[in-house]
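Hey, can you work out the whole structure from these sequences and the hints?
Residue numbers (our numbering), protein chains in the order written: chain A, 19 to 326; chain B, 213 to 369.
Just so you know, these hints were derived from the structure itself, not from any lab.
Just to be clear, a hint being listed does not mean it is correct.
Unchecked claim - EDC-like mimics (lysine to aspartate or glutamate), calculated; alpha carbons at most 20 Å apart, straight line:
no.	chain 1	residue 1	chain 2	residue 2
1	A	Lys153	A	Asp279
2	A	Lys195	A	Glu267
3	A	Lys115	B	Glu227
4	A	Lys88	B	Asp228
5	A	Lys97	B	Glu232
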Amino acid sequence: MYEGLDATTFNNMFIEQLDTVDGIRKTAAGGAAFTRAKIRELGFGRRVLPPQSVTRADLQRSTDHDTLIKIVDIEHDSKAMAINFAAEADERYIQGKRAAFPFFKIESEKFVKSEGELLAYDYPITKVIEENSVKDIQKVEDVKFIEYAEAAISITGKRLVSTATAVDRREMNSLFKMIDYDQLLADVCLMNIVDYDDYMIQPATEIGSPLASEITVDGYKYQTILKRKLVVTNKHDILLPGEVWAFAEPAYLGHFFILNDVKFWIKKEADLVIWKTWEYIAEGFSNIKSVAKIELDVANPIPVGGTI
Amino acid sequence: MVVAISDIRVVPIGEDLTKEDLSLSILRGTEKMFRVDKPIAAGAQFLKGEWAVLNVDGKAERPSATPVGHTYLVFCGTDRFDSYATGQVTLIMSHPVVAKSSRYDTTQTYAVGDYLTVNDLGAGQAFVTKAGPTDPKLARVLEVGNGYLTWETLGGV
Numbered sequence: 019m020y021e022g023l024d025a026t027t028f029n030n031m032f033i034e035q036l037d038t039v040d041g042i043r044k045t046a047a048g049g050a051a052f053t054r055a056k057i058r059e060l061g062f063g064r065r066v067l068p069p070q071s072v073t074r075a076d077l078q079r080s081t082d083h084d085t086l087i088k089i090v091d092i093e094h095d096s097k098a099m100a101i102n103f104a105a106e107a108d109e110r111y112i113q114g115k116r117a118a119f120p121f122f123k124i125e126s127e128k129f130v131k132s133e134g135e136l137l138a139y140d141y142p143i144t145k146v147i148e149e150n151s152v153k154d155i156q157k158v159e160d161v162k163f164i165e166y167a168e169a170a171i172s173i174t175g176k177r178l179v180s181t182a183t184a185v186d187r188r189e190m191n192s193l194f195k196m197i198d199y200d201q202l203l204a205d206v207c208l209m210n211i212v213d214y215d216d217y218m219i220q221p222a223t224e225i226g227s228p229l230a231s232e233i234t235v236d237g238y239k240y241q242t243i244l245k246r247k248l249v250v251t252n253k254h255d256i257l258l259p260g261e262v263w264a265f266a267e268p269a270y271l272g273h274f275f276i277l278n279d280v281k282f283w284i285k286k287e288a289d290l291v292i293w294k295t296w297e298y299i300a301e302g303f304s305n306i307k308s309v310a311k312i313e314l315d316v317a318n319p320i321p322v323g324g325t326i
Numbered sequence: 213m214v215v216a217i218s219d220i221r222v223v224p225i226g227e228d229l230t231k232e233d234l235s236l237s238i239l240r241g242t243e244k245m246f247r248v249d250k251p252i253a254a255g256a257q258f259l260k261g262e263w264a265v266l267n268v269d270g271k272a273e274r275p276s277a278t279p280v281g282h283t284y285l286v287f288c289g290t291d292r293f294d295s296y297a298t299g300q301v302t303l304i305m306s307h308p309v310v311a312k313s314s315r316y317d318t319t320q321t322y323a324v325g326d327y328l329t330v331n332d333l334g335a336g337q338a339f340v341t342k343a344g345p346t347d348p349k350l351a352r353v354l355e356v357g358n359g360y361l362t363w364e365t366l367g368g369v
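See the structure below:
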């Protein structure tokens with residue numbers, strides 16, 4: 019839509035479009051499309067637990083307040099037994115369990131800028147929207163994702179404190195076994211990029227000469243580690259270096275619901291351009307046994323004078 | 213009266229929902245047992261697997277310190293929407309029924325064949341406990357499990 023234009027020309031056209039009702043609608047639509055694509059790409063929680071789009075008809079209301087939840091069933095247990103011909107098996111009066119996923123809003127700050135100052139920017143205004151609104155929303159999603167993961171392991175105890183100073187195959191093996199033992203399968207490994215860096219300096223005696231040689235030249239270029247999908251993040255303020263997580267595949271893990279997709283709003287009031295972005299989501303782990311964490315005794319990755 | 217969705221089943225989840233619910237499982241007799249609704253005495257609340265006593269008005273109230281024969285196993289507690297709507301609790305009023313439950317007096321030591329009775333155990337508990345020689349016998353232990361008892365209900369005589 020905006021290809022072939024330099025940033026200044028684009029910004030000027032953007033402001034002119036906002037002077038008409040139709041222009042506002044079209045500009046908002048363009049911004050919305052751009053925003054959605056980037057959020058899906060950047061949120062690490064979404065890579066572990068892919069979002070499912072829901073509508074109002076899929077949700078339940080509270081009788082006490084004007085908020086929404088989605089109630090999700092938990093698979094109930096069942097078993098069989100070996101018995102004599104003349105006997106009969108035990109009975110089971112089925113009583114299901116359910117979990118409620120409460121929706122909440124994540125909203126960017128309301129950005130305000132005068133049209134004159136917008137023209138002073140040397141990059142397209144959509145980049146501003148991306149770098150502010152999208153980043154803030156995806157960060158809150160991931161904050162809640164880790165918060166709920168911590169809540170899960172606080173109940174199950176699937177938190178292993180290791181004396182290892184860097185992540186390697188043994189530590190990851192211990193991590194995965196915490197999930198695999200419960201007749202689940204660890205599917206995703208989530209780690210900070212600092213730990214990923216450490217993983218790549220394992221000696222040839224540990225990981226084999228061909229792989230060590232390959233990593234030395236190209237880095238670790240595979241999407242899996244020990245057959246588990248690898249998700250790496252640089253958000254050290256959410257995922258501390260030394261904390262490596264494992265999750266089962268989404269069907270055995272939980273849900274991430276988005277109500278009616280991300281919303282983008284923009285208007286021009288006199289010479290001020292105002293815009294914000296928001297979404298309504300519900301995310302969490304209904305099978306808390308599908309989450310595990312290992313905490314390594316990592317050295318401070320920040321050079322002298324800094325702290326984690 | 214608690215009728216809202218349990219807080220621990222709202223994200224972030226406060227319990228392992230895949231864990232088997234041992235509060236009450238009827239292993240034998242489901243098809244034939246009498247599932248009878250009784251009005252709830254003022255202020256009384258019951259959970260599945262607890263026991264209720266019928267008072268002089270025929271209403272379900274919590275057991276007192278003295279065990280009585282007209283004490284019945286709660287099949288569906290007052291924490292449900294339907295109980296809230298009807299003002300009644302569903303009791304099992306026939307025997308024998310074979311049941312497994314984690315709701316029992318854990319301060320006692322049990323063996324297969326022990327008779328069980330029900331009284332107010334304090335702290336609001338109304339579970340089965342080991343019966344004294346003169347107590348009404350409400351159940352007999354069939355299995356002492358890890359965290360649960362399996363028993364067959366008796367007539368409370």
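Okay, the hints, checked on the actual structure:
Restraint check for A:Lys153 and A:Asp279: the C-alpha separation of about 16 Å stays at or below 20 Å, so the hint holds. Note on A:Lys195 and A:Glu267: the hinted pairing holds, with a Cα-Cα distance of about 15 Å set against a maximum of 20 Å. Restraint check for A:Lys115 and B:Glu227: satisfied, since their Cα atoms lie roughly 11 Å apart, inside the 20 Å limit. Between A:Lys88 and B:Asp228 the CA atoms are separated by roughly 19 Å; this keeps the pair inside 20 Å, and the hint holds.
With a CA separation close to 11 Å, the supplied pair A:Lys97 and B:Glu232 stays within the 20 Å bound.
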